[in-house]
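*Asks:* The opening position of the sequence shown corresponds to residue 1 in the UniProt record's numbering, with each subsequent residue numbered one higher.
Please note: incorrect hints may appear among the correct ones.
Here are the simulated BS3-like cross-link-like pairs (lysine-lysine), alpha carbons at most 25 Å apart as the crow flies [stated by the list, open to error]: (1) Lys60 <-> Lys41; (2) Lys51 <-> Lys70; (3) Lys70 <-> Lys37; (4) Lys51 <-> Lys37; (5) Lys60 <-> Lys84; (6) Lys84 <-> Lys41; (7) Lys70 <-> Lys60; (8) Lys37 <-> Lys84; (9) Lys51 <-> Lys84; (10) Lys41 <-> Lys51; (11) Lys70 <-> Lys84; (12) Lys44 <-> Lys70; (13) Lys44 <-> Lys60; (14) Lys37 <-> Lys60.
Label-pair distances were calculated between CB atoms; the ranges are [said to hold, decoys possible]: (15) Asp52 <-> Val16: 15 to 21 Å; (16) Glu73 <-> Ile93: 45 to 51 Å; (17) Thr46 <-> Val76: 28 to 34 Å; (18) Leu19 <-> Glu97: 23 to 29 Å; (19) Glu34 <-> Ala87: 16 to 22 Å.
Simulated from the structure, these hints should not be mistaken for lab results.
Note that the structure is predicted; figures quoted are calculated from it, not measured.
The beta-carbon is built from N, C-alpha and C at its ideal position, and this holds for glycine as well.
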Amino acid sequence: MDIPRHLRSLIQSFFVVSLLLGCSQTKIAEETSEFLKYEDKTNKFTISYPKDWTIDTMQKNATVLFNSPKESEQDVYTENITVKAFALPAEAISPMENYKDE
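Full structure from sequences and hints, please.
*Replies:* Structure follows, in structure tokens:
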């Protein structure tokens, strides 16, 4: 069974977002309850992101970049999520049956 490219991208994006939100040491992840949906029709994926984050689609090496707002004036590092969508070479695409335990 071949997993479509857009589904693979969505799964990878969900994993990255889950990992970053799970590692958060601030209360921002808990306070942010509203999410918006970003849809990329060219690369055929959607992703939910916190309502107060900004979107940057002008980055050279990323399909889309999501940036968190500064928590204070002393906040020198703002969290971000980068999504890169690209085609895999034909030899990298393998049916799921190849990974199944016998």
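*Asks:* Find the hints from earlier in the document that the structure breaks and name them by number, from lowest to highest.
*Replies:* 12 and 19
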